[in-house]
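Undergrad: One letter stands for each residue in the lines below.
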Amino acid sequence: MSLTYLEAIREAQARALRDDPRVFIYGQDVGGFGGAFKATKNLAVEFPGRVLDSPISEDAMVGMAVGAAIEGMRPIVEMQFADFSLVGFNQIVNQAGTLFWRTNISCPITVRLPFGGTSGGGPFHSQCIEAIYAHYPGLIVLTPATVEDAYSMLLEAVALDDPVIFCEHKFLYYHLKAEKLPDEALPIGKARIAREGRDLTIVTYSAMVHEALEAAKELSGEGWEIEVVDLRSVKPLDTDTVMASVARTGKLLCVGEAWPWGGVTAEIISRVTAEGFGLLDAPPQRLNAKDTPVPYHPNLWAAHRPTARSVAAAARNLLRQ
Amino acid sequence: MKVPVIMPQLGEAIAEANIVAFLVNPGDSVAADQNLIEVETNKATMSVTAPCTGTIEKFTAQLNESYVVGAVLGHIEATKEEIERRGLDASSPAKISDTDRVAKPDANGRTRVQPTVRGLPVPANAAGASYLSPRLKARMAELGLSAADLAGVAGSGAAGRVTIEDFEKFITTLEKHKMSGASSMRVAVADAMRRSWTRPLATVGLPVRLDAVLAHRKTSNPKPGPALYALRALAIALSENSAPAGRLVGTKIVHPGSIDVGFAVEAEDGVLVPVIRHADQKVLRDLTERYNELVELARERKLPADATGGSIATVTNFGTFGLTWATPIPLPEQTLVLGMGAGRHVPHWDEKQNQFVPVIEAYLTLSFDHRVLDGGAAGRLLQRIGQLMSQPEKL
Numbered sequence: 008m009s010l011t012y013l014e015a016i017r018e019a020q021a022r023a024l025r026d027d028p029r030v031f032i033y034g035q036d037v038g039g040f041g042g043a044f045k046a047t048k049n050l051a052v053e054f055p056g057r058v059l060d061s062p063i064s065e066d067a068m069v070g071m072a073v074g075a076a077i078e079g080m081r082p083i084v085e086m087q088f089a090d091f092s093l094v095g096f097n098q099i100v101n102q103a104g105t106l107f108w109r110t111n112i113s114c115p116i117t118v119r120l121p122f123g124g125t126s127g128g129g130p131f132h133s134q135c136i137e138a139i140y141a142h143y144p145g146l147i148v149l150t151p152a153t154v155e156d157a158y159s160m161l162l163e164a165v166a167l168d169d170p171v172i173f174c175e176h177k178f179l180y181y182h183l184k185a186e187k188l189p190d191e192a193l194p195i196g197k198a199r200i201a202r203e204g205r206d207l208t209i210v211t212y213s214a215m216v217h218e219a220l221e222a223a224k225e226l227s228g229e230g231w232e233i234e235v236v237d238l239r240s241v242k243p244l245d246t247d248t249v250m251a252s253v254a255r256t257g258k259l260l261c262v263g264e265a266w267p268w269g270g271v272t273a274e275i276i277s278r279v280t281a282e283g284f285g286l287l288d289a290p291p292q293r294l295n296a297k298d299t300p301v302p303y304h305p306n307l308w309a310a311h312r313p314t315a316r317s318v319a320a321a322a323r324n325l326l327r328q
Numbered sequence: 025m026k027v028p029v030i031m032p033q034l035g036e037a038i039a040e041a042n043i044v045a046f047l048v049n050p051g052d053s054v055a056a057d058q059n060l061i062e063v064e065t066n067k068a069t070m071s072v073t074a075p076c077t078g079t080i081e082k083f084t085a086q087l088n089e090s091y092v093v094g095a096v097l098g099h100i101e102a103t104k105e106e107i108e109r110r111g112l113d114a115s116s117p118a119k120i121s122d123t124d125r126v127a128k129p130d131a132n133g134r135t136r137v138q139p140t141v142r143g144l145p146v147p148a149n150a151a152g153a154s155y156l157s158p159r160l161k162a163r164m165a166e167l168g169l170s171a172a173d174l175a176g177v178a179g180s181g182a183a184g185r186v187t188i189e190d191f192e193k194f195i196t197t198l199e200k201h202k203m204s205g206a207s208s209m210r211v212a213v214a215d216a217m218r219r220s221w222t223r224p225l226a227t228v229g230l231p232v233r234l235d236a237v238l239a240h241r242k243t244s245n246p247k248p249g250p251a252l253y254a255l256r257a258l259a260i261a262l263s264e265n266s267a268p269a270g271r272l273v274g275t276k277i278v279h280p281g282s283i284d285v286g287f288a289v290e291a292e293d294g295v296l297v298p299v300i301r302h303a304d305q306k307v308l309r310d311l312t313e314r315y316n317e318l319v320e321l322a323r324e325r326k327l328p329a330d331a332t333g334g335s336i337a338t339v340t341n342f343g344t345f346g347l348t349w350a351t352p353i354p355l356p357e358q359t360l361v362l363g364m365g366a367g368r369h370v371p372h373w374d375e376k377q378n379q380f381v382p383v384i385e386a387y388l389t390l391s392f393d394h395r396v397l398d399g400g401a402a403g404r405l406l407q408r409i410g411q412l413m414s415q416p417e418k419l
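Protein chains in written order, with my numbering: chain F, 8 to 328; chain S, 25 to 419.
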């Protein structure tokens with residue numbers, strides 16, 4: 008049996024529905040239609056009355072989920088695109104994010120954000136907005152890069168008592184396949200060494216893990232051994248694993264598909280320079296999407312986001328320092 | 025001219041699609057954007073359209089097979105008009121002249137040179153061996169090393185900087201050698217010399233006749249050491265004008281508070297510098313006993329606290345090693361070090377006797393911080409010291 012990243016997300020939701028009667032799914036067209044990307048395909052049939060179509064209002068969707076969570080439920084909210092979650096932003100950051108801190112009542116909601124660029128996605132269907140959610144206290148922000156992580160982290164997201172922003176990358180939906188679902192997983196908040204190396208550390212997450220691994224493969228042909236750290240979750244951020252890796256290599260390159268300004272890559276560099284200045288043998292670097300809206304044209308899009316080629320070029324520059 | 029028909033990006037996150045039907049046949053004429061192939065994704069059924077006007081040459085794709093986005097599904101033979109209209113003829117590419125690239129007129133018609141270099145160059149003083157990364161600094165601090173210890177390491181980094189990797193290799197090669205600990209005295213001297221060497225230092229020399237000093241010494245009891253004559257002469261010269269002993273700090277010359285002069289004494293594995301306070305205010309005879317006492321205490325490394333530090337210049341008698349010339353390095357907190365070479369018999373032309381006569385001559389050297397003094401000022405100071413030493417009875 009082989010299954011995709013998208014199927015793993017469907018399977019995780021099926022299992023969550025099966026294991027816990029408090030779980031339900033709420034979102035636009037998640038019922039009969041099976042979701043914009045078919046992440047809830049057949050779940051409405053399998054779990055009648057627990058996979059519910061919402062009105063076209065992200066504000067109402069999250070607001071209703073917060074209310075249900077207060078009453079003891081564990082809702083999963085599906086956004087059609089991460090970009091549209093900004094319409095429900097107020098409910099997520101002001102209501103869900105602060106609920107426990109205001110009332111001592113936890114808010115175990117999971118908001119699934121199909122995010123990240125695909126060819127031709129353009130400005131409203133490609134955004135990587137993990138950093139703006141990570142900015143707010145009270146939220147957990149997960150960014151799985153593998154089929155296994157998509158499955159196990161979504162299950163853990165539903166089990167957590169805090170509101171979780173689950174960033175699932177659209178480009179990985181069909182491009183990633185695994186043989187079977189995992190039986191065990193690293194805990195949330197623990198990064199993974201996706202490739203071991205000694206010359207340079209690339210810290211990244213989600214789809215960029217695969218670009219970084221491709222770049223590392225290319226550079227190994229030139230005699231460089233690149234260590235790739237897959238953050239898995241951007242909040243909490245596993246500073247220890249990053250620091251330990253930089254201690255091994257002395258050089259840090261952070262890669263993110265999101266915009267550079269005040270983002271996850273900036274946060275990592277800030278932490279490493281503040282807490283691990285003495286580990287750095289060269290100025291830490293980062294590679295992000297260009298600071299413009301995401302372009303439609305496939306060629307422009309390919310130039311807009313970091314790719315294996317641009318990651319390898321940035322790494323080469325840093326290795327020559 | 026053949027134009028490929030390519031599986032388009034059919035929607036968000038779609039990686040591949042299945043061929044459901046061919047809507048036209050090879051040999052058919054088609055217009056640009058006409059539907060050619062029906063494909064199915066897991067979301068919807070859609071059409072692949074013609075990229076240009078022309079005739080279908082062939083379809084390479086098979087019915088009911090799945091193809092990834094970007095795969096070639098067939099080819100269209102484009103019409104002549106279409107080739108011209110779309111500029112598809114590769115045999116006549118648009119020309120871009122060098123002048124177009126180098127200098128393009130801007131909106132106001134002014135010609136501007138296009139930049140060829142992006143980003144700022146590395147500052148010269150940040151390149152090469154002088155640049156130590158934070159990690160290298162931290163590692164060197166851990167091992168108690170300083171930048172001078174890296175002088176023998178060829179760097180492999182940008183502009184020849186020593187990378188952490190170069191450094192670790194260097195440390196590994198050291199471990200193959202026999203190593204012994206340097207004494208604390210050695211380490212202290214090394215530290216002082218390194219700090220002093222951060223300044224531009226220069227040395228001038230002057231031969232002086234020692235006959236008068238040696239004659240005076242024979243008749244004295246107790247006998248002053250030759251260096252004490254030089255020390256006293258230096259103290260007098262500096263009391264006349266203390267500026268040469270000043271220290272440059274930023275934009276200010278810091279003048280010495282009192283004429284306290286040190287002298288170098290070789291002790292086991294290093295050099296100690298006892299200090300004679302107010303050397304300008306006591307005559308040679310009154311200094312001799314104190315001088316001899318301090319030499320002994322220094323050799324036993326039992327110098328009292330009030331006899332070390334705070335001096336404004338140092339005298340060193342390298343002549344005791346038989347050396348006639350040297351370029352000593354002043355202490356880091358001092359601008360001057362006066363050196364004295366070994367006396368030798370040399371022929372001297374005597375104008376009165378109209379012949380060469382044997383005299384005893386030694387070189388006085390003055391090493392100085394060139395930021396504070398120039399050769400002229402250093403030379404004048406040295407001349408004055410030589411003059412004072414020619415009349416030892418006045419010292």
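Careful, some of the hints might be misleading.
Straight-line Cα separation of at most 30 Å, DSBU-like style, residue types lysine-lysine; simulated pairs [stated by the list, open to error]:
(1) F:Lys184 / F:Lys197
(2) F:Lys184 / S:Lys67
(3) S:Lys242 / S:Lys67
(4) S:Lys276 / F:Lys224
(5) S:Lys67 / F:Lys48
(6) S:Lys376 / S:Lys306
(7) F:Lys224 / F:Lys297
(8) S:Lys161 / S:Lys104
(9) F:Lys45 / S:Lys67
(10) F:Lys187 / S:Lys67
(11) S:Lys104 / S:Lys26
(12) S:Lys161 / S:Lys202
(13) F:Lys184 / F:Lys45
(14) F:Lys197 / F:Lys297
(15) S:Lys242 / S:Lys26
No lab work stands behind these hints: they were computed from the structure.
Just so we're clear, the structure is a prediction, and the values are computed from it rather than from any experiment.
Undergrad: Which numbered hints turn out to be false for this structure?
TA: Hints 3, 4, 6, 8, 15 contradicted; others consistent.
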